[in-house]
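Take these sequences, add in the hints, and give me the full structure.
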Amino acid sequence: MGELKLKPQKNTRTIEEINAKIRKGDAQVLTAEEMKKLVESSSIEVAFKEVDVVTTGTFGAMCSSGAVINLGHSDPPIKIDKAWMNDVPVCHPGAAVDLYIGATAMSETQAYEYGGGHLIEDLVKGKEVELRATAYGTDCYPRNSIRTNLTKDDLNQFYLLNFRNGYQRYNCAVNSRDETIYTYMGKLLPKMRNATYSGAGELNPLMNDPDYETIGIGTRIFLGGAQGYIIGEGTQHEAKSQNGTLMVRGDAKKMSPEFLRGASFTRYGTTLYVGLGVPIPILNEGLAKKTAIRDEEIFTNVVDYGVPRRNRPKLAKVSYKELKSGAITVGDKKIRVSSLSSLKMARQIATTLKKWIEEGTFFLTAPVERLPLDTTFKPMKQTETTSFVKNVMQMAVTCKETEEVRTIAERIVSKSVNHIVAVDNAGKLIGIVTSWDVTRAMAQGKTQLADIMTRRVFTAKPDEPLEMASKRMAEHNISALPVINDEKKVLGIVTSEDVAKLLGRRT
Amino acid sequence: MSPNYWEGELEMVRLLLRFSEEIVDQPIVSELILEFKAPINIITALVNSKGGEVLAEVPQEAADKIVKALRKRGVKVSLPKLIEVDAEKCISCGSCVALCPVEAIAFDEHASVVFNKEKCVGSTCSACVDACPVRAIKSVKQTNHELSYTAAKGALGKQ
Numbered sequence: 017m018g019e020l021k022l023k024p025q026k027n028t029r030t031i032e033e034i035n036a037k038i039r040k041g042d043a044q045v046l047t048a049e050e051m052k053k054l055v056e057s058s059s060i061e062v063a064f065k066e067v068d069v070v071t072t073g074t075f076g077a078m079c080s081s082g083a084v085i086n087l088g089h090s091d092p093p094i095k096i097d098k099a100w101m102n103d104v105p106v107c108h109p110g111a112a113v114d115l116y117i118g119a120t121a122m123s124e125t126q127a128y129e130y131g132g133g134h135l136i137e138d139l140v141k142g143k144e145v146e147l148r149a150t151a152y153g154t155d156c157y158p159r160n161s162i163r164t165n166l167t168k169d170d171l172n173q174f175y176l177l178n179f180r181n182g183y184q185r186y187n188c189a190v191n192s193r194d195e196t197i198y199t200y201m202g203k204l205l206p207k208m209r210n211a212t213y214s215g216a217g218e219l220n221p222l223m224n225d226p227d228y229e230t231i232g233i234g235t236r237i238f239l240g241g242a243q244g245y246i247i248g249e250g251t252q253h254e255a256k257s258q259n260g261t262l263m264v265r266g267d268a269k270k271m272s273p274e275f276l277r278g279a280s281f282t283r284y285g286t287t288l289y290v291g292l293g294v295p296i297p298i299l300n301e302g303l304a305k306k307t308a309i310r311d312e313e314i315f316t317n318v319v320d321y322g323v324p325r326r327n328r329p330k331l332a333k334v335s336y337k338e339l340k341s342g343a344i345t346v347g348d349k350k351i352r353v354s355s356l357s358s359l360k361m362a363r364q365i366a367t368t369l370k371k372w373i374e375e376g377t378f379f380l381t382a383p384v385e386r387l388p389l390d391t392t393f394k395p396m397k398q399t400e401t402t403s404f405v406k407n408v409m410q411m412a413v414t415c416k417e418t419e420e421v422r423t424i425a426e427r428i429v430s431k432s433v434n435h436i437v438a439v440d441n442a443g444k445l446i447g448i449v450t451s452w453d454v455t456r457a458m459a460q461g462k463t464q465l466a467d468i469m470t471r472r473v474f475t476a477k478p479d480e481p482l483e484m485a486s487k488r489m490a491e492h493n494i495s496a497l498p499v500i501n502d503e504k505k506v507l508g509i510v511t512s513e514d515v516a517k518l519l520g521r522r523t
Numbered sequence: 006m007s008p009n010y011w012e013g014e015l016e017m018v019r020l021l022l023r024f025s026e027e028i029v030d031q032p033i034v035s036e037l038i039l040e041f042k043a044p045i046n047i048i049t050a051l052v053n054s055k056g057g058e059v060l061a062e063v064p065q066e067a068a069d070k071i072v073k074a075l076r077k078r079g080v081k082v083s084l085p086k087l088i089e090v091d092a093e094k095c096i097s098c099g100s101c102v103a104l105c106p107v108e109a110i111a112f113d114e115h116a117s118v119v120f121n122k123e124k125c126v127g128s129t130c131s132a133c134v135d136a137c138p139v140r141a142i143k144s145v146k147q148t149n150h151e152l153s154y155t156a157a158k159g160a161l162g163k164q
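In order, the protein sequences belong to chains A and B. Numbers 17 to 523, taken from our numbering, label the letters of the first sequence in order. Numbers 6 to 164, taken from our numbering, label the letters of the second sequence in order.
There's no promise every hint is true.
[Stated by the list, open to error] Distance condition first, Cα-Cα at most 25 Å in a straight line; then the derived BS3-like pairs of lysine-lysine:
no., chain 1, residue 1, chain 2, residue 2
1, B, Lys124, B, Lys86
2, A, Lys431, A, Lys505
3, A, Lys269, B, Lys94
4, A, Lys305, A, Lys337
5, A, Lys505, A, Lys330
6, A, Lys431, A, Lys416
7, B, Lys86, A, Lys340
8, A, Lys394, A, Lys256
9, B, Lys122, A, Lys360
10, B, Lys94, A, Lys143
11, B, Lys146, A, Lys270
12, A, Lys360, B, Lys143
13, B, Lys143, B, Lys124
14, A, Lys53, A, Lys340
15, A, Lys350, B, Lys124
16, A, Lys477, A, Lys431
17, A, Lys360, A, Lys270
18, B, Lys124, B, Lys146
19, A, Lys431, A, Lys444
20, A, Lys26, A, Lys40
21, A, Lys340, B, Lys94
22, A, Lys207, A, Lys340
23, A, Lys477, A, Lys444
24, B, Lys146, B, Lys70
25, B, Lys124, A, Lys340
26, A, Lys53, A, Lys37
27, A, Lys141, B, Lys124
28, B, Lys94, A, Lys360
29, B, Lys143, A, Lys141
30, B, Lys124, A, Lys360
31, A, Lys141, A, Lys371
[As the list claims (entries may be wrong)] Examples of chain A residues toward chain B, derived with CB under 8 Å:
no., residue
32, Leu356
33, Lys487
34, Arg488
Keep in mind the hints are simulated off the structure, nothing from the lab. Since the structure is predicted, the reported quantities are computational estimates derived from the model, not experimental observations. Yeah, the Cβ is synthetic: ideal placement off N, Cα and C, and Gly gets one too.
Right, dumping it as structure tokens:
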């Protein structure tokens with residue numbers, strides 16, 4: 017009672033102290049999932065005392081990834097203007113023989129199936145790839161073209177350089193449309209019949225240090241199966257909304273194809289799955305508490321990707337616990353959900369990083385500058401106005417299902433239109449009839465509209481970008497779309513003529 | 006003595022059966038089960054008065070005679086492709102899981118994606134195939150070569 021402690025309890029530890037323990041082989045390392053269990057079964061105080069480092073991990077499709085390579089000079093030398101590797105166009109942003117392979121650049125011969133991500137994976141695997149390049153030729157770089165086969169061993173530098181990785185959390189995607197859509201969030205079935213999400217939740221690196229106390233420029237990390245570094249915040253980094261991101265770099269020659277996988281998203285394009293893990297040094301009790309965060313405390317929005325606009329409707333809020341359970345609820349609808357990122361691989365990354373630290377092959381670094389807490393992610397400034405369906409749609413000429421073909425023919429002539437929209441008494445869409453349908457009906461002697469009108473009608477929404485409506489008309493080889501609201505009430509009609517007129521005005 | 010198809014581990018072959026309007030009301034499958042004393046498992050069935058399409062499974066050893074008997078009764082028989090997952094390629098992301106209408110794809114307790122071939126309805130669905138980002142899921146021909154040969158020939162003969 018009231019005794020003085022002989023030795024004051026130390027309530028912080030430093031990275032140097034942790035590294036000294038790693039050197040001796042007695043650093044206590046837990047994966048983020050193990051840390052949560054420890055805190056639950058004991059307390060934050062105990063967890064702080066016992067644990068030096070918590071390892072995190074994530075393995076997901078990260079489109080803003082790529083690799084910088086340096087080819088060395090050919091003889092005679094070339095200043096590359098355009099270049100392809102395995103038919104994937106690669107960028108030439110700098111001097112003569114420096115190239116950047118973007119993960120989303122697609123092969124010109126196998127579009128959607130092979131791209132920059134696959135090319136990086138092939139190089140990491142040690143496969144030979146074909147380089148083709150052209151140039152305009154200068155006095156110092158006379159060559160006009162080159163073709164050669166290379167492996168990673170032939171490159172001077174082969175660095176993974178990703179400008180946005182490791183999103184702290186991400187949207188859950190659904191699709192309200194009547195058709196399946198293929199997005200960067202995967203295949204989304206019509207009428208919200210499935211949902212997809214990405215991210216490791218409680219295993220995610222930034223989620224375990226949400227104030228970026230220990231994460232910043234110079235933090236050594238697990239990247240693609242090797243040691244890499246955080247070189248700053250990623251693009252679109254926004255701390256306040258818990259949407260932090262990382263910019264990272266690592267020596268791809270040392271990486272493993274297990275943790276860097278080229279991927280194809282059908283009808284969207286190619287990308288790269290990146291394995292990334294950050295060690296969180298438990299410097300104080302606050303960090304012990306933060307690394308105890310659970311999936312049920314991490315929330316994200318269910319977003320309707322069926323609306324092709326920047327501000328897609330947010331339909332509900334869900335936790336990563338619900339997402340990992342396989343089903344979410346939106347309104348009164350239960351929707352099956354599964355991930356695009358791999359939890360299994362995320363765990364493997366956290367476990368591998370833990371092993372490296374325990375074995376004394378990975379030491380922690382203190383960041384020279386922490387990730388910013390105040391940046392925001394602004395929308396694009398647009399100086400030209402965009403056209404939406406509502407900007408070009410016209411009043412629809414309508415009819416009732418009970419009318420006769422002859423009456424419709426007269427209306428087509430008097431209103432000089434090609435499309436008549438059939439509506440019910442409430443003004444809701446029930447069909448469409450074209451001048452062609454009417455001509456054919458007259459030739460065949462049909463008199464009732466009900467017998468000739470098309471009932472499965474492709475439609476447009478007023479807030480849709482005009483490009484979408486125009487694409488739909490081209491895809492289905494039709495020349496007009498009734499414009500309807502959510503209740504199927506007809507608001508107008510947009511025709512290919514209107515679209516063509518608008519495009520004509522622009523040029 | 007006819008072979009016993011009801012005991013032990015049986016290698017099964019999947020067949021896609023198409024019934025026309027004229028024969029859809031006949032109890033063909035039941036008759037064949039009795040005739041050959043062999044199980045014919047119906048996996049999916051889409052049947053109405055205009056005809057039907059049934060995905061069924063029959064023992065490999067009895068497959069040839071069952072196919073012959075089905076065709077004799079006017080049923081169009083073909084070998085549907087099956088879904089195969091390349092476990093080496095799979096990264097267990099889960100892109101396919103929620104798309105599977107029969108829950109043949111699921112996560113196990115280690116967050117690995119596991120594929121249950123028995124539950125899968127095969128290429129008649131294929132919802133998962135184009136959703137796999139590492140192209141580990143393929144629609145492939147059944148490897149019962151002899152049957153696929155006779156079935157193909159039979160199907161061509163009918164046209």
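Do the hints match the structure? See the list:
1. Under the criterion of a C-alpha separation no larger than 25 Å, the hint pairing B/Lys124 with B/Lys86 is consistent with the structure, at around 14 Å.
2. Taking the CA atoms of A/Lys431 and A/Lys505, the gap is about 21 Å. The hint holds against a cut of 25 Å.
3. Using a Cα cut-off of 25 Å, the hinted pair A/Lys269 and B/Lys94 holds, with the two alpha carbons roughly 21 Å apart.
4. Only pairs whose Cα atoms come within 25 Å are accepted, and A/Lys305 paired with A/Lys337 is accepted, the gap being roughly 19 Å.
5. With a C-alpha separation of about 23 Å, the suggested pairing of A/Lys505 with A/Lys330 holds against the 25 Å cut-off.
6. Taking the CA atoms of A/Lys431 and A/Lys416, the gap is near 16 Å; set against the 25 Å cutoff, the hint holds.
7. With a CA separation close to 31 Å, the supplied pair B/Lys86 and A/Lys340 exceeds the 25 Å bound.
8. This hinted pair checks out: A/Lys394 and A/Lys256 have alpha carbons roughly 13 Å apart, not beyond 25 Å.
9. For the hint linking B/Lys122 to A/Lys360, the alpha-carbon distance of about 22 Å falls within 25 Å, and the restraint holds.
10. For the hint pairing B/Lys94 with A/Lys143, the CA-to-CA distance comes to about 17 Å; that is within 25 Å, so the pair holds.
11. For the suggested pair B/Lys146 and A/Lys270, the alpha carbons sit about 39 Å apart, so the restraint of at most 25 Å is broken.
12. Proposed proximity of A/Lys360 and B/Lys143 is supported: the alpha carbons are some 22 Å apart, at most 25 Å.
13. Among the hinted pairs, B/Lys143 with B/Lys124 is consistent with the structure: their alpha-carbon atoms are about 16 Å apart, no more than 25 Å.
14. Using a Cα cut-off of 25 Å, the hinted pair A/Lys53 and A/Lys340 holds, with the two alpha carbons roughly 17 Å apart.
15. With a C-alpha separation of about 23 Å, the suggested pairing of A/Lys350 with B/Lys124 holds against the 25 Å cut-off.
16. Restraint check for A/Lys477 and A/Lys431: satisfied, since their Cα atoms lie roughly 24 Å apart, inside the 25 Å limit.
17. Restraint check for A/Lys360 and A/Lys270: satisfied, since their Cα atoms lie roughly 22 Å apart, inside the 25 Å limit.
18. Straight-line distance between C-alpha atoms of B/Lys124 and B/Lys146 comes to about 17 Å, which keeps the hinted pair within the 25 Å bound.
19. Taking the CA atoms of A/Lys431 and A/Lys444, the gap is near 21 Å; set against the 25 Å cutoff, the hint holds.
20. Straight-line distance between C-alpha atoms of A/Lys26 and A/Lys40 comes to about 21 Å, which keeps the hinted pair within the 25 Å bound.
21. Straight-line distance between C-alpha atoms of A/Lys340 and B/Lys94 comes to about 22 Å, which keeps the hinted pair within the 25 Å bound.
22. Only pairs whose Cα atoms come within 25 Å are accepted, and A/Lys207 paired with A/Lys340 is accepted, the gap being roughly 21 Å.
23. Distance check on the hinted pair: A/Lys477 and A/Lys444 sit about 14 Å apart at the alpha-carbon level, within 25 Å; holds.
24. The hinted pair formed by B/Lys146 and B/Lys70 meets the criterion: a straight-line CA distance of about 20 Å does not exceed 25 Å.
25. Restraint check for B/Lys124 and A/Lys340: satisfied, since their Cα atoms lie roughly 23 Å apart, inside the 25 Å limit.
26. A threshold of 25 Å between alpha carbons decides the hint, and for A/Lys53 with A/Lys37 the separation of about 23 Å falls inside it, so the pair holds.
27. For the hint pairing A/Lys141 with B/Lys124, the CA-to-CA distance comes to about 35 Å; that exceeds 25 Å, so the pair is violated.
28. With a CA separation close to 14 Å, the supplied pair B/Lys94 and A/Lys360 stays within the 25 Å bound.
29. Restraint check for B/Lys143 and A/Lys141: the C-alpha separation of about 23 Å stays at or below 25 Å, so the hint holds.
30. Our distance criterion of 25 Å between C-alpha atoms is met by B/Lys124 and A/Lys360, whose separation comes to about 23 Å.
31. This hinted pair checks out: A/Lys141 and A/Lys371 have alpha carbons roughly 23 Å apart, not beyond 25 Å.
32. For A/Leu356, the suggested interface contact is upheld, since its CB lies about 5 Å from the closest CB of chain B, less than 8 Å.
33. The criterion of a C-beta within 8 Å of any C-beta in chain B is not met by A/Lys487, whose closest approach is roughly 20 Å, and the hint is violated.
34. Taken as an interface hint, A/Arg488 does not check out: its beta carbon lies about 20 Å from the nearest beta carbon of chain B, beyond 8 Å.
Consistency with the previously given hints fails for numbers 7, 11, 27, 33, 34, ordered from lowest to highest.
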